[in-house]
Every structure is written in C-alpha cells, then in structure tokens.
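Protein chains: 2
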Amino acid sequence: MKNQQELAIQLIIDSWNSHIKRATKLFDSLSDEAIQNHIAPNRNSGTYLLGHLVAVHDGMLSLMNFGDKLHPELEQLFIRNPDGAALEKPSIAQLRSYWTEVNNVLNNKINEQTTDDWFKKHSAVSEEDFAKEPHRNKINILLTRTNHAAYHLGQLALLNK
Amino acid sequence: MKNQQELAIQLIIDSWNSHIKRATKLFDSLSDEAIQNHIAPNRNSGTYLLGHLVAVHDGMLSLMNFGDKLHPELEQLFIRNPDGAALEKPSIAQLRSYWTEVNNVLNNKINEQTTDDWFKKHSAVSEEDFAKEPHRNKINILLTRTNHAAYHLGQLALLNK
Chain W
1 MKNQQELAIQ LIIDSWNSHI KRATKLFDSL SDEAIQNHIA PNRNSGTYLL
51 GHLVAVHDGM LSLMNFGDKL HPELEQLFIR NPDGAALEKP SIAQLRSYWT
101 EVNNVLNNKI NEQTTDDWFK KHSAVSEEDF AKEPHRNKIN ILLTRTNHAA
151 YHLGQLALLN K
Chain D
1 MKNQQELAIQ LIIDSWNSHI KRATKLFDSL SDEAIQNHIA PNRNSGTYLL
51 GHLVAVHDGM LSLMNFGDKL HPELEQLFIR NPDGAALEKP SIAQLRSYWT
101 EVNNVLNNKI NEQTTDDWFK KHSAVSEEDF AKEPHRNKIN ILLTRTNHAA
151 YHLGQLALLN K
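Line order of the protein sequences matches chains W and D.
Taken in order, the first sequence gives residues 1 to 161; the numbers are from our numbering.
Taken in order, the second sequence gives residues 1 to 161; the numbers are from our numbering.
Hints are not guaranteed to be accurate.
Since the list gives no way to pick one copy over another, a pair counts as held whenever it fits inside one copy or between any two copies.
Below, a list of computed lysine-lysine pairs in the DSBU-like style, where the Cα atoms sit at most 30 angstroms apart [as the list claims (entries may be wrong)]:
id, residue 1, residue 2
1, K109, K21
2, K89, K132
3, K132, K2
4, K89, K161
5, K120, K2
Hints in this document: simulated from the structure, not taken from any laboratory.
Input sequences plus hints: build the corresponding full structure.
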C-alpha cells in the first residue's frame, strides 16, 4: 500500500508516461511527408514540434540532475529560434531517433528516483531560494513538462488527416 | 513547512490554476467574432472548444463529489456531439459566463479540500475497485483535467492572429 506522497508521485509519473506514449504513437503514425506539414497555415510544422519536444525533454536531464543533455545543439534550433529559421537541422530520421533515445534515458532515470529524490531541488534554483520555495523541486519539472507535452500534443493531433 | 503530500497536492492545484488563468486570459482576448474562428481548416471552432472545456469542468463537480453539474445540458452539446452538429446551443456570451461560473465554483471547492480529501475516491469508481486502485482519487481528476485543458489550450492559441 503506497502512502500519500508515493501515490501523488506515481500519478504524476503515470501522467508523464501516458503523454510520452501518446506522442510516440502519433509520431509513429505520421510518415516523413506528413510530419513536415504545418499544424495550421503559417504555424509550426510537425518536424519543428518534434524537435522542440526533444529539445525540452533533453533539457530535463540537466534540470533534474540526471546528467548532461544528449543533444545540446537542439536548444538553439528548436527553442531559441522559430520554425523556418535558416539553420542546419537534423533530418527527420535523426529527430525520431533522438526522441526515442532522450525519452528512454529519462524513463530509466525516472524509475531510479525515490520519493524523497522527487522533492529535492531542481538544478535551476539555488539552495537559498529553494529553502523559501520548496515547490521548485524535480517532480514539479515532470509535472510542468507533462503539461507542455499535452499542449503541443493538442496541436500535433491536427496533423492527423 | 508543508509535508511531501501537501507539497505534491499544492503543485497539482497550482498547475490547474495556472491553466485556468491562461485559458481565461486567452478567451478574454478574443472577440466574439474571433472565437468563432476554427483553430485550423475543418477543425473545431473556438466556440466549440470553450463549450467543451466548460462541459468537462462542469463534470468535475460531480466527479469530485463537489455537487451537481451546473449545466448538465452542455454534455450533449459539447462532449457527445461534435462541432457543427445541428443542435441549439447557448450564445457565446452565455458560454463565457458559464466558464467563469463553473471555474469559480470549482475553485471554491478546491480551496476547501484537505490533503486527505484529495486522496479519497472520485465518484466514478466503486469502493471495491478503489480499494485495489487507490490512484482513482480526486487529485488524479484535477491532474488529468489540467492536462486536458493544456491540450486544448495549445489548439486555442492558434486563434490568436
């Protein structure tokens, strides 16, 4: 029988896993041609949103003290710059493989955490600030990044014809 | 100093509040004319998504044992039937006012709950099943409905020109 804090953590992890699963299923269902379509006229392409999600999830590794980013170059391409910027980008096949890789590494690290680990500070907050703002912990990163994935999943679903 | 279960509950409530705030800000920024636009060609209108979110949030009242739905008629119009179904619907002004009303009632009830309350079963699961599946609790409803709001918020953002 899980205690309340274990149950709450498990809910948040389950919610993360369910969104990764849904996004993976969606990406897998889209051909390379279909994923290059834009979610709406003059809006992001599926390719950009795939790169954006990989970049944000890659950043979670360092934010949650799980290790270094695997593909730090993606931040410039898919977070700091908009879709359509004249930059050299990885191929769709590479982005698909990064998606699997980054989420697998995250998943392994997520499964290693104890309940106490989740309530430790993330890497972007100082010890001093964390003492005053204990909600700036690792489980909050997982929660907010799940919401972020849900937000873009709603957009990516528009690629399904 | 909050304990871990209180902190986890607070994170989930904060995440809910932040999405209600973002969605409200977005709806308020859209004129009645703009909200009738579709998020993409042949996709849902902003009006339908507003109605859909009100209907789902209204359903949370009964799911979380907070009371009866305020507008049970919305379920047929905005959950069971798609956009464009030939049904008589509330005006945009009415939907806007329902949005405020339903979220205010929810908010008041949310603020009344103790930590233990959040770990109690929601109304759509039996006592017997809940004994085996303790994650089917009220805080899980709040978490999954936040994700649901995030999903549609990603789509509604496309109405901003």
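We went through each hint and held it up to the structure:
1. K109 to K21: Intra 17 angstroms, inter 32 angstroms, cutoff 30 angstroms: intra-copy only.
2. K89 to K132: neither (41 angstroms within a copy, 48 angstroms between copies)
3. K132 to K2: both (28 angstroms within a copy, 11 angstroms between copies)
4. K89 to K161: Both: 26 angstroms inside a chain and 27 angstroms across chains, each within 30 angstroms.
5. K120 to K2: both (20 angstroms within a copy, 14 angstroms between copies)
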